[in-house]
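Visitor: Residues per chain, in single letters:
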Amino acid sequence: DTGVSQDPRHKITKRGQNVTFRCDPISEHNRLYWYRQTLGQGPEFLTYFQNEAQLEKSRLLSDRFSAERPKGSFSTLEIQRTEQGDSAMYLCASSGDGTSGRAIDTQYFGPGTRLTVL
Amino acid sequence: EDQVTQSPEALRLQEGESSSLNCSYTVSGLRGLFWYRQDPGKGPEFLFTLYSAGEEKEKERLKATLTKKESFLHITAPKPEDSATYLCAVRHVSGGYNKLIFGAGTRLAVHP
Chain A
1 DTGVSQDPRH KITKRGQNVT FRCDPISEHN RLYWYRQTLG QGPEFLTYFQ
51 NEAQLEKSRL LSDRFSAERP KGSFSTLEIQ RTEQGDSAMY LCASSGDGTS
101 GRAIDTQYFG PGTRLTVL
Chain B
1 EDQVTQSPEA LRLQEGESSS LNCSYTVSGL RGLFWYRQDP GKGPEFLFTL
51 YSAGEEKEKE RLKATLTKKE SFLHITAPKP EDSATYLCAV RHVSGGYNKL
101 IFGAGTRLAV HP
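Residue numbers (my numbering), protein chains in the order written: chain A, 1 to 118; chain B, 1 to 112.
One or more hints might be untrue.
To be verified - Quick look at which bits of chain B chain A covers, simulated, 3 or more residues with Cβ under 8 Å: (1) 61–75; (2) 82–93; (3) 99–109.
Derived by calculation from the structure, the hints in this document are not laboratory data.
Beta carbons: idealized from backbone N, C-alpha and C, even for Gly.
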């Protein structure tokens with residue numbers, strides 16, 4: 001029973017560069033979420049996928065951010081022209097539809113990707 | 001607007017000293033209140049879900065309770081390995097999708 005995995009775990013980049021993160025959800029989960037967490041705060045919602053459809057985006061997700069889930073399995077989050085304010089932990093979570101034995105609306109989180117923009 | 005407030009921000013306990021963490025919430029129709037544990041540099045780890053006032057859940061030294069306005073996470077006889085940040089979240093449902101709205105967390109340190 002594998003959990004949510006994220007890659008890379010850490011990313012250091014220079015301001016203005018583009019970065020891409022990957023999330024592999026729990027295999028039977030059709031719902032996938034991205035959150036951002038800064039030091040001393042709880043995670044903040046960014047976006048949500050049901051299968052391959054992106055159904056909701058937070059106003060925190062500026063035009064420089066784009067997320068995809070092309071085949072309804074793994075997802076990528078890309079940040080273009082990174083800024084120092086983008087430095088944060090980016091968390092991915094997934095939840096199922098009740099057939100996996102886990103609660104339908106429980107979101108299980110991955111280990112996160114720590115982004116540092118210099 | 002849905003909101004979650006956790007107190008205290010930080011709590012220091014001696015091993016064996018029981019205490020409680022508070023999570024106050026305002027939400028238009030509670031669809032679930034969640035407790036997570038987060039260790040430094042890691043993602044949140046699911047602990048409990050509560051759905052209705054009066055509900056209680058237990059796991060080892062942790063017990064979560066829910067009223068109409070707040071939830072408590074009771075820690076009985078804590079050990080140093082219980083040191084972590086405890087996050088509370090409510091489920092916001094809108095337009096057929098759901099997201100979690102988190103509080104800022106309570107940082108718990110248990111000393112031997």
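Visitor: Now, for every hint given, state plainly whether the structure supports it.
Guide: Now for the hints, and whether the structure bears them out:
1. A count of 0 residues in the segment 61–75 of chain B with a Cβ less than 8 Å from any Cβ of chain A is obtained; the coverage claim is therefore unmet, three being the minimum.
2. Beta-carbon proximity to chain A at under 8 Å applies to 3 residues in the segment 82–93 of chain B; the threshold of 3 is reached and the given coverage holds.
3. Judged by the Cβ-Cβ criterion of 8 Å, the segment 99–109 of chain B is covered by chain A as claimed, because 7 of its residues qualify and three suffice.
Comparing the model with each earlier hint shows a violation of hint 1 alone; every other hint is respected.
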